[in-house]
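Q: So you can see what is in the structure, the chains are spelled out below.
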Amino acid sequence: MKNLLEKGRISTRQLAILIVFMTVGDSILILPSLTAEAADQNAWLSVILGGALAMPVLWIWGALARFYPQANLIEIVQSLLGKWLGGAVALYYSVYFFFVAAGLIRELGDFFTIQILAQTPLRAIHLLLLFVLAWGLAKGLEPIVRTGELFFPWFLLMLTALIVCLTPNLRPVNLKPFLSEGISPVLHGSLYVLVYPFAELVALLMVLPYVNRKANTKRDYYLAALFGGLIMLIIVLFSLLVLGPFLTSNQVYPTYALAKKVNIGNFLQRVEAVVAIIWVLSTFFKTAIHSYAFLLGMAETFKLQGYRRLIGPYVLLQFGMAYIITPNFTFYTDVLYKYWPFWDLTNALLLPLILLAAHAAGRKRTAVKA
Amino acid sequence: MSASSGASSSFDDSLLEGRMKQNLAYIGDSLGHSQDLVARELTLPFDIRCALVYIDGITDPQLLHHAVIDSLLGLGGSEDAVQLSRLDKSERLRYLSDRVLAAGDIHPLKDWNSLFQDLLSGDAILFADECGGALRIGVGGLEERAVGEPVSQSVTRGPMEAFNESLRTNTALLRRKIKDTRLRMDSLRIGRVTKTNVTVTYLQGIAKEEIVAEVHRRLGKIDIDGVLEGGYIEEFIQDQTLTPFPTVYNSERPDTIAAGLLEGKIAILVDGTPFVLLVPALFVEFFQASEDYAQRFDISTLIRIIRYISFFITTLAPALYVAITTFHQEMLPTNLLINLAAQREGVPFPAVIEAILMEVTYEILREAGIRMPRTVGQAVSIVGTLVIGQAAVQAGIVSAAMVIIVSITAIASYVIPSGSMSMSARMLRFLFMVLAASFGLFGVIIGLIGLVLHLSSLRSFGVPYMAPMSPIIMSDIKDSLFRFPWTMMKKRPWSTASPNNRRREN
Amino acid sequence: MIGLTVILLCVAALIWKTLLPMLRRGEFRDGVVFSVMLAGGAFFSFFAANLIPFPAPLHLLVAVYKPFSQWLFSAMGWKS
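Protein chains in written order, with numbering that gives the first Met the number 0: chain A, 0 to 369; chain B, 0 to 505; chain C, 0 to 79.
Hints listed in this document are in silico derivations from the structure and should not be mistaken for laboratory results.
Beta carbons are placed, not taken as given, at the ideal position from N, Cα and C, and that holds for glycine.
Check before you lean on any hint, since a few could be wrong.
[Said to hold, decoys possible] Facing chain A, according to a computed beta carbon distance under 10 angstroms, are these residues of chain C, among others:
{"id": "1", "residue": "M0"}
{"id": "2", "residue": "C9"}
{"id": "3", "residue": "L13"}
{"id": "4", "residue": "R23"}
{"id": "5", "residue": "V32"}
{"id": "6", "residue": "G39"}
{"id": "7", "residue": "F42"}
[Claimed, not checked] Non-contacting residues of chain B with respect to chain A, defined by C-beta distances greater than 12 angstroms in every case (computed):
{"id": "8", "residue": "K88"}
{"id": "9", "residue": "V99"}
{"id": "10", "residue": "P332"}
{"id": "11", "residue": "L339"}
{"id": "12", "residue": "V386"}
{"id": "13", "residue": "Q389"}
{"id": "14", "residue": "L440"}
{"id": "15", "residue": "A466"}
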């Protein structure tokens, strides 16, 4: 099932970088407060647990990718579920990617208008972001991935610098008491870790067929996700250690508050705007991949000639949707806390399992026939 | 046979018949009896009549007189003359070229097109009465500029010679650097009216076959009246014209071009200009200079890093200034902030207008400096920098900090070895300033993402522009950001060299 | 008002540059999808541009998952 719509090819290294960017994605903005709300000072345990729980999910996707190495998610759906059911599910997935992207755009816009550029209208930020997003999508998958490759060292550098500069502010007492309320809150927090950094990686299933498979691709796939998880662990850990569980759960953007705490020799301070660059980068790539997944998905579902022509309407759609997706920030956070994880799980865990079952059933049927 | 006129002159390709007088008349008509056209009729012993046609000024008079006229007139009653008279008339020219003429480069001609091409390129044409065809004798020799120092790319250590306008001198300079049999020189003529000589040079077996073929293909497709500079060709052969970044490298230094050839690149030499094109060109190559290899590797690595930093400074410094002073004042240390605020107290403009004003002023000064007659040049630089800058600050039009930023930006732009790349930086600077003014650092980072996206999608003759940084090719990184010692650079660049890519053994 | 004008301009530009060539080439299915998306985009952008509130699609999400969510939260004793 050679795909005619996408001719680009990605190397394993580029895939790994993409995974790290997407894992960090918007989680670096929203995850600490969600997990701290659920598990208080044990939120870091949630990250470990969530990461562990994510591995089987990644394995399921890997299995699908192995059985259908050259088909992206939509193609797999269509081939396994037939024309009408497959088409419906394909459309459903595309819409899912669309809404994730809309949420991401809104999150970034909210962040900037609340914290940094308070007088800039939200829609202007969205417009600028959409513009560069469209620019990237028009260039294609390979340039986007190469851009990620180019920015990655700087991204890591800035993260490391942030972490290093925060070490004077660590207060281990913030982590106590340990498991005072049992494992249940930790499980609660791990739900968010499972979905926001990891389950939302399902969009990568649209990109996996275009990776040049080498011997180490499989290993790097898991390693990259683990590395991204490690970054999240450090972020959540430092949030707790520096700010404390109460502030982490009540701050709108704890990582931004973290950046504010950097103070080296009374000279290197108030650098949070620079640190905001990190969020922009990681969110950008996650949004780009989801947008790409949506466009490619639409093109595949309706068997169109190409996806680039849909970029224009897509931008208009997102401009509108990023605005109306939620009337205010509180509602959005509430949804993220109580409802969205289950939608993510449906799409990342439940449906792929069904697909795998369909695949196995199909195999059995042919085996029986033979 | 009628003389035709028009944008592209064409002649009937008839064989030149042995009617000398008619041929001479035809040539005279076609060239409009131009004053520099010389037709010298000679009578050889035994009443053999010939005529020598050439264009004065583009031929070398010494060569013409000694090699051609002397040898012809010196026949006297010698053996050769006797032989000549006994030969069949149609064999005469061949005999002359084989035995009599003392010139080095002689070809027989059979059609008018090549005759005119050669005549107008500085060769002499010899006719013999009642003998078909003609001889083309290479005696071209125009006054040319001596091999001098490079004007635009100077180094602190390394050869100081540069190409000049003569194609032959330039190919000779390259031959001097590369004495290998595999050095190929394919020549073409481009330009319907100018018929400029263009030579495509590469090392056979080291340059990628596909790229060589592609270069030929693209050059062949050029359809233009005249090619006066390499830049004309550059626009036609580059992958994408809608980009501020150069995808074709140019240089007037033979050592740079030779180094490129050794890596598998293809050089395009154009007659009439000392700037030679080199393809394919990648982003990192515009930050390399030939002296990086002449000096030790640790120095070269550091200096390369400085070049990259300078590129960022020259592109982003004004934008960052605008962004920080407009949106993110909290980022500055308090003392600095107070100072800046005090400076900007009296300034009527917002930071971005200030920045744009100063940058545009600087660009104007710079352009003026290029066109200025030498005698006045000094005055302008003093006027420009000290007086305008200082006076503007004192008049309260701009703040002192802005002048500093603009100066650093300007100086940083000269650090980049390649002029084309610093041009790109100049253009991008303004875009970033606008973004910074509207969206602060967010605008800058979005602009950077957009810029990198654009760079990542560029290709130069099929090779990704940002290689070896992305896609990462570990073996090539040693020569891009850094300059590792020769012992560690064992392979030729992946992007250009064909499979035989070990530098050190064959 | 200005928002509406801008949106209409964008729509017109998109139609001209993208839809018409598509239709000319006979790619009608593409044209349909494109038009639907474009209409939706214009519709939603109108609300966004003029800051008019519109019921959030997330309400649908809430409605679908609310029962499960409430059950899970109470069963596991999670904070709400």
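Q: Each hint: holds or not?
A: These are the hints, each one checked on the structure:
1. M0: This hint is violated: M0 (chain C) lies away from chain A, its Cβ roughly 16 angstroms from the closest one there, beyond 10 angstroms.
2. C9: 7 angstroms, holds
3. L13: Holds: closest Cβ of chain A sits about 4 angstroms from L13 (chain C), inside 10 angstroms.
4. R23: This hint is violated: R23 (chain C) lies away from chain A, its Cβ roughly 13 angstroms from the closest one there, beyond 10 angstroms.
5. V32: 5 angstroms, holds
6. G39: 6 angstroms, holds
7. F42: Hint holds; F42 (chain C) Cβ to chain A Cβ min 7 angstroms, cut 10 angstroms.
8. K88: Its Cβ never comes within 12 angstroms of chain A, the nearest being 67 angstroms, so this holds.
9. V99: Given a closest Cβ separation of 65 angstroms, the condition holds.
10. P332: 6 angstroms, violated
11. L339: 15 angstroms, holds
12. V386: 36 angstroms, holds
13. Q389: 30 angstroms, holds
14. L440: At about 5 angstroms from chain A, L440 (chain B) fails to clear the 12 angstroms cut-off, so the statement is violated.
15. A466: 9 angstroms, violated
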